[in-house]
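Chemist: Chains D and V, in that order, are what the protein sequence lines are. No gaps in the numbering here: position 45 of the first sequence is 45 in my numbering, and each next residue is one more. No gaps in the numbering here: position 140 of the second sequence is 385 in my numbering, and each next residue is one more.
Among the clues, some could well be false.
What the hints assert, rightly or not - Counterexamples of contact, computed for chain D against chain V with all Cβ distances above 10 Å:
#: 1; residue: Thr14
#: 2; residue: Asn46
#: 3; residue: Ser74
#: 4; residue: Gly83
#: 5; residue: Trp84
#: 6; residue: Pro92
#: 7; residue: Gly131
#: 8; residue: Ile145
#: 9; residue: Val170
#: 10; residue: His187
#: 11; residue: Ser209
Stated by the list, open to error - To spell it out: a stretch of chain V is covered by chain D in this simulated footprint if at least three of its residues, at any positions, have a beta carbon under 8 Å from a beta carbon of chain D; those stretches are:
#: 12; segment: 301 to 310
#: 13; segment: 325 to 331
#: 14; segment: 340 to 347
None of these hints come from the bench; they were simulated from the model. All C-beta atoms in this analysis are idealised placements derived from N, C-alpha and C, irrespective of residue type, glycine included.
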Amino acid sequence: MRSLAYARFELVRTFRNGRLLVFSLGFPLILFFVIATPNRNEHNFNGSGISVPLYYMVGLVAFGAMSGLISSGSRIAAERTDGWTRQLRITPLKPSAYFFAKALTGYALAGVTMILLYASGISLGVSLGGGRWLEMTGLIVVACIPFAVLGILLGHLLTADSIGPAVGGVVSLLALVSGTWFPLGSHGLLHDIAQFLPSYWLVRASHVSLGGQAWPAGGWIVVLAWTLVLAVIARYAYLRDTARV
Amino acid sequence: MAGMQTEHTIGVELRGAAKSYRTAGTVVRAVRGIDVSIEPGETVALLGPNGAGKSTTIDMVLGLISPDAGTVSLLGGPPRAAVAGGLVGAMLQVGALIRDVKVRELVAMMAALHPHPLGVDEALELAGLADIADRRTHKLSGGQAQRVRFAIALAPDPAILILDEPTVGMDVEARRAFWLSVRAFAARGKTIIFATHYLEEADAYADRAVLMSRGRVVADGPTSEIRGRVGTRTIRATLPEADTTELASLPGVNSADRRGDAIVLICSDSDMAVRALLDAHPDVRDIEIASAGLEDAFIELTADPDHALADAEQQEALA
Chain D
1 MRSLAYARFE LVRTFRNGRL LVFSLGFPLI LFFVIATPNR NEHNFNGSGI
51 SVPLYYMVGL VAFGAMSGLI SSGSRIAAER TDGWTRQLRI TPLKPSAYFF
101 AKALTGYALA GVTMILLYAS GISLGVSLGG GRWLEMTGLI VVACIPFAVL
151 GILLGHLLTA DSIGPAVGGV VSLLALVSGT WFPLGSHGLL HDIAQFLPSY
201 WLVRASHVSL GGQAWPAGGW IVVLAWTLVL AVIARYAYLR DTARV
Chain V
246 MAGMQTEHTI GVELRGAAKS YRTAGTVVRA VRGIDVSIEP GETVALLGPN
296 GAGKSTTIDM VLGLISPDAG TVSLLGGPPR AAVAGGLVGA MLQVGALIRD
346 VKVRELVAMM AALHPHPLGV DEALELAGLA DIADRRTHKL SGGQAQRVRF
396 AIALAPDPAI LILDEPTVGM DVEARRAFWL SVRAFAARGK TIIFATHYLE
446 EADAYADRAV LMSRGRVVAD GPTSEIRGRV GTRTIRATLP EADTTELASL
496 PGVNSADRRG DAIVLICSDS DMAVRALLDA HPDVRDIEIA SAGLEDAFIE
546 LTADPDHALA DAEQQEALA
């Protein structure tokens with residue numbers, strides 16, 4: 001009950017922040033239409049066997065969800081600057097409940113981005129069977145977990161004035177090397193490096209349209225490993241973060 | 246929970262508590278081993294100039310930082326346990342209030358985090374927020390924001406209430422209303438610790454003052470006792486011609502100062518001083534004798550005659 005009170009509070013607060021909503025929801029949508037509309041009839045994008053609207057729908061879900069989840073760090077950094085985090089520390093709120101509320105809020109934003117992009121994708125001819133939609137959505141939700149944790153971690157490590165560039169840089173770099181903007185091909189150095197990034201597997205969720213398995217075991221292992229490592233560091237960062245900022 | 250407050254004879258206790266920070270290669274010994282014991286139901290002012298160690302002490306009491314040495318206990322247990330039990334409320338020195346919520350929503354959420362909170366309406370009422378409960382937090386004046394922080398501190402219905410410079414940003418009237426609320430809350434048997442720069446607040450609202458300077462407790466007792474400890478009195482008089490060096494050498498006078506036509510003598514023995522003054526200057530007029538204020542005591546007790554010693558200690562700590 002107590003942890004839910006805080007989660008509810010965070011959700012209400014976030015969805016009241018009009019400017020935050022406009023930018024975090026609007027930007028991926030605009031990019032999607034700008035990139036996908038001219039190429040809506042390309043059904044074998046760069047030899048990947050995936051249509052351009054599907055590829056960019058998932059790519060921009062990846063981009064939008066990543067930036068939505070990581071940018072919860074910006075809000076945390078601002079809250080620390082204002083002393084709110086210290087105020088919360090002198091309540092019985094448990095770290096797990098705090099993490100839950102922050103991740104839930106990030107996911108709520110990411111979820112709205114996802115729904116808007118799905119609708120946009122369908123409007124440009126994306127069509128998948130019901131099972132494929134569910135499978136793809138499930139993979140996206142799982143692949144987002146490390147980014148939810150990363151956002152909280154960055155929020156507790158960085159200050160309000162340094163986190164903007166950090167979040168922008170991390171999201172751009174991950175999006176680029178993970179194939180958000182163009183398919184990486186099936187070999188080469190970039191492809192080999194990208195395999196070890198959770199964002200690569202987030203973009204790979206679009207492969208459900210090809211049938212078979214979108215994620216081999218390696219994808220699950222990468223996402224799980226990042227989640228565990230980041231969660232351990234984030235917990236440590238949160239627990240030691242009681243000083244004045 | 247009311248039982249819990251009466252079981253303990255000690256509300257807040259620091260024993261040999263010390264805390265140092267390392268900044269830019271220097272060790273700053275913020276608190277240098279202090280012993281303070283506060284009974285349940287006491288209202289105690291923590292006084293001292295900037296850098297005295299008040300905020301570090303408060304952070305240790307709240308369990309936000311752990312002492313390097315010594316112990317801190319609240320109601321017989323570690324601070325974290327008291328916080329987890331909802332026994333502690335605090336008004337911290339912070340920047341802006343959290344945004345995009347109404348005052349009532351914020352106070353209600355904070356109350357909901359605690360096991361035995363005050364009613365939301367009661368907390369709003371006590372903090373004087375009833376008429377602005379539906380306003381957004383980022384649209385409040387400085388004084389209103391301070392009252393919201395006060396309501397947040399009251400929301401847990403804490404046994405121990407900690408206020409760090411609570412009246413900063415409040416005007417005179419808001420300040421008076423605030424202290425009335427604090428007293429009303431104290432009357433419920435609560436332990437209250439407040440840090441302040443304002444000596445008159447300590448004088449008027451605390452049962453006792455703990456005076457800190459350079460990380461140490463330099464005086465601890467009722468404010469009247471602290472004033473008395475300095476034992477000086479001040480003589481003010483009109484005497485346009487006299488030389489201050491000569492006045493300072495009069496028996497019973499520690500120092501002399503001139504303010505226009507007036508002289509101010511700080512005296513260790515004002516009886517002797519006033520006789521000597523009248524003998525030496527029969528034309529002296531408008532004589533007033535006053536006991537030293539808390540402010541004088543404050544300055545005398547917190548003045549640091551040996552910076553060199555402190556610096557040497559700092560070097561030693563580095564090595």
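Chemist: Verify that the Cβ of D/Val170 lies farther than 10 Å from every Cβ atom of chain V, and report whether the claim holds or is violated.
Modeler: holds (24 Å)
Chemist: Evaluate the condition: distance from the CB of D/Trp84 to the nearest CB of chain V exceeds 10 Å.
Modeler: Violated, since 5 Å does not exceed 10 Å.
Chemist: In terms of beta carbon proximity below 8 Å, does the segment 325 to 331 of chain V have 3 or more residues touching chain D?
Modeler: holds (count 4)
Chemist: Is the claim that D/Gly131 lies outside the interface with chain V correct, judged by CB distances over 10 Å?
Modeler: Given a closest Cβ separation of 39 Å, the condition holds.
Chemist: Is the nearest Cβ of chain V still more than 10 Å from the Cβ of D/Ile145?
Modeler: holds (26 Å)
Chemist: Against chain V, does D/Ser74 hold up as non-interface, every C-beta pair farther apart than 10 Å?
Modeler: Check passes; 13 Å lies beyond 10 Å.
Chemist: Far enough from chain V: is every CB of that chain over 10 Å from the CB of D/Gly83?
Modeler: With a cut-off of 10 Å, D/Gly83 comes too close to chain V, as the shortest Cβ separation is near 3 Å.
Chemist: Against chain V, does D/Thr14 keep a CB gap of more than 10 Å to every residue?
Modeler: violated (8 Å)
Chemist: Minimum C-beta separation from D/His187 to chain V exceeding 10 Å: can you confirm that?
Modeler: With a cut-off of 10 Å, D/His187 remains clear of chain V, as the shortest Cβ separation is near 48 Å.
Chemist: A cut-off of 10 Å on Cβ-Cβ distance, and D/Pro92 was said to be off the interface with chain V. Does that hold?
Modeler: Not fine: 5 Å to the nearest Cβ puts D/Pro92 too close to chain V.
Chemist: For the segment 340 to 347 of chain V, does the count of residues with a C-beta closer than 8 Å to a C-beta of chain D reach 3?
Modeler: holds (count 7)
Chemist: Would you assess whether D/Asn46, listed as outside the interface, keeps its beta-carbon beyond 10 Å of every beta-carbon in chain V?
Modeler: Check passes; 43 Å lies beyond 10 Å.
Of the numbered hints listed earlier, those contradicted by the structure are 1, 4, 5 and 6.
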